[in-house]
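All you need for the working numbering is the position in the sequence shown, starting with 1, plus 235.
Heads up, some of the hints might be wrong.
Here are the simulated DSS-like cross-link-like pairs (lysine-lysine), alpha carbons at most 30 Å apart as the crow flies [unchecked claim]:
id, residue 1, residue 2
1, 449, 401
2, 440, 290
3, 448, 560
4, 552, 575
5, 633, 575
6, 552, 646
7, 569, 552
8, 552, 626
9, 239, 446
10, 401, 448
11, 615, 560
12, 412, 471
13, 573, 563
14, 572, 605
15, 275, 546
16, 455, 440
17, 275, 462
18, 449, 412
19, 448, 293
20, 470, 401
21, 471, 275
22, 449, 293
23, 455, 633
24, 347, 406
25, 605, 449
26, 446, 293
27, 470, 290
28, 406, 455
29, 294, 242
What the hints contain is simulated information worked out from the structure, not anything from laboratory work.
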Amino acid sequence: MDQKLLKLQNNLNVLSTQLPSTKSVTVLILVGTGSRYENKIINGVAHFAEHMFFKGTKKRPTALEISTLIDGIGGEFNAFTSKEYTGYFVKASAEKIDLVLDVLSDMLLNSKFDQEEIDRERGVIFEELRMYLDTPVRHIHDVYEQLLFGDQPLGWDIVGSLDSLKNINRKEFLEFKNSYYNPENMLVSIAGGIKHSDIENYTKKYLGNLKNKKTASYEKVKVSQNKPAVKISAKKTEQAHLAVGVRSYPRGHKNRYIAAVLNTILGSSMSSRLFIELRERRGLAYYVRAGIEEYYDAGSFVASAGVPPKKIGEAIKVILAEFDKITKEKVGEKELKKTKEHIKGRLILELEDSREVAALFGSQQLLEGKVQSVEEIFTKINAVTAEDVNKVAADIFKNEALNLAIIGPYKDEGRFTDILKL
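Can you build the whole structure from these sequences, using the hints too?
As structure tokens, then:
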């Protein structure tokens, strides 16, 4: 894997990753903005804008003309919005990179933001939001972060609310684009079977004239917690959904790889502790998983599951028991070795896909200002000891740091507060 970071004269960074064994290429344009850069009145504008960039440009006036071009070369075409960054990508045959960059750059530089299209797409996003609200397995994480961060940007839903979406029109899109879609706040990550020199030439051709501007910043999160917290989203459901976790480390923290090992031991695979205890031994859940979320100035570790409403108390106690256990009992060498090999093996599989490569290294460069090689990542994973895992577990798994979010047929938070302890 041959990698090179280029910087155009307008301060746009271009990360070029050559993958000689593949004939595909992924062009991913990342922008350093997301829902935490919004104010409450227009919460959801970052995600709404992501939709609108697909709706037509001066050169290609309709969404159909844009999608037809990519479909016509058999390409994969999509975008995503998170709380801290947004991405637009096309994966196609490497020989089609000229067209791919033409289309992507045209979308981001020349979208019309036609008011009629905005009003139509608003209805689409209303339905997307309603879909999420009706999908507890997904929405539980929104409820959890509402609990964790409260009424500030990191606590708001990425999609926005039914009220805030009504406030977003052409003026808001243009102001948002002008504030954040600037070269110093963007990164082009291209991975696949193409030469560095070709990538430099194509990005100069299509993005070299984009003028740089000063980029607005985000509101730093304020957190304060000295006792366990519970948030219930009361809903009549056949299955109760829960997310129980703690605050952990921000992006780039020195303990991030230890936390990754801890996460994998507890809930990242079918042989993880939580999966075995909740699903295989007790039959309490179909899905159970653990995950880590990292932001610039905050982080969290959370385990989630869908369980029978009458057995939610038992499920919570099982999860908390596993949290407590790993703070006190040394992880065995066999389990530790398996965990490390699992992490490394999954990364190797991801690196066979040009889209995953572009996303992995592109997000590192955009958000952290540097790229860690696969070898560096492996070295840091291999260096994690059983003592490290226990130490980090003890650092984050504390009674006063516990948070529990629930979607289900409940009203009394007190019954859950009583069992929310290690």
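For each hint, the structure was consulted:
With a C-alpha separation of about 28 Å, the suggested pairing of residue 449 with residue 401 holds against the 30 Å cut-off. For the given pair, residue 440 sits about 23 Å from residue 290 by alpha-carbon distance, which is consistent with the 30 Å threshold. The straight-line distance between the Cα atoms of residue 448 and residue 560 is roughly 51 Å, outside the 30 Å bound, and the hint therefore fails. At most 30 Å may separate the alpha-carbon atoms for a hinted pair to count; residue 552 and residue 575 meet this at roughly 27 Å.
A C-alpha spacing of about 25 Å is found between residue 633 and residue 575, which places the hinted pair at or below 30 Å, so the restraint holds. A C-alpha spacing of about 19 Å is found between residue 552 and residue 646, which places the hinted pair at or below 30 Å, so the restraint holds. Proximity of residue 569 to residue 552 is assessed by CA-CA distance (about 26 Å); at most 30 Å being required, the pair is judged to hold. The suggested pairing of residue 552 with residue 626 holds, with an alpha-carbon distance near 22 Å, which does not exceed 30 Å.
Our distance criterion of 30 Å between C-alpha atoms is met by residue 239 and residue 446, whose separation comes to about 23 Å. Among the hinted pairs, residue 401 with residue 448 is consistent with the structure: their alpha-carbon atoms are about 29 Å apart, no more than 30 Å. Straight-line distance between C-alpha atoms of residue 615 and residue 560 comes to about 24 Å, which keeps the hinted pair within the 30 Å bound. In summary, the hint linking residue 412 to residue 471 is not supported, as the alpha carbons are separated by about 40 Å, beyond the 30 Å threshold.
This hinted pair checks out: residue 573 and residue 563 have alpha carbons roughly 20 Å apart, not beyond 30 Å. As the CA atoms of residue 572 and residue 605 are separated by approximately 28 Å, the hinted pair is consistent with the 30 Å bound. Using a Cα cut-off of 30 Å, the hinted pair residue 275 and residue 546 is violated, with the two alpha carbons roughly 37 Å apart. Of the supplied pair hints, the one linking residue 455 and residue 440 is violated, its CA atoms being roughly 37 Å apart against a limit of 30 Å.
Taking the CA atoms of residue 275 and residue 462, the gap is near 27 Å; set against the 30 Å cutoff, the hint holds. Simply put, residue 449 and residue 412 have alpha-carbon atoms about 12 Å apart, close enough for the 30 Å limit, and the pair holds. Restraint check: the Cα-Cα separation between residue 448 and residue 293 comes to about 23 Å, which is no more than 30 Å; the hinted pair holds. Distance hint between residue 470 and residue 401 is fulfilled; the C-alpha atoms sit about 25 Å from each other, no more than 30 Å.
Between residue 471 and residue 275 the alpha-carbon distance is near 29 Å, which keeps this suggested pair within the 30 Å criterion. Under the criterion of a C-alpha separation no larger than 30 Å, the hint pairing residue 449 with residue 293 is consistent with the structure, at around 26 Å. Taking the CA atoms of residue 455 and residue 633, the gap is near 24 Å; set against the 30 Å cutoff, the hint holds. At most 30 Å may separate the alpha-carbon atoms for a hinted pair to count; residue 347 and residue 406 meet this at roughly 12 Å.
For the hint linking residue 605 to residue 449, the alpha-carbon distance of about 21 Å falls within 30 Å, and the restraint holds. The suggested pairing of residue 446 with residue 293 holds, with an alpha-carbon distance near 19 Å, which does not exceed 30 Å. Under the criterion of a C-alpha separation no larger than 30 Å, the hint pairing residue 470 with residue 290 is inconsistent with the structure, at around 35 Å. Only pairs whose Cα atoms come within 30 Å are accepted, and residue 406 paired with residue 455 is accepted, the gap being roughly 26 Å.
Simply put, residue 294 and residue 242 have alpha-carbon atoms about 27 Å apart, close enough for the 30 Å limit, and the pair holds.
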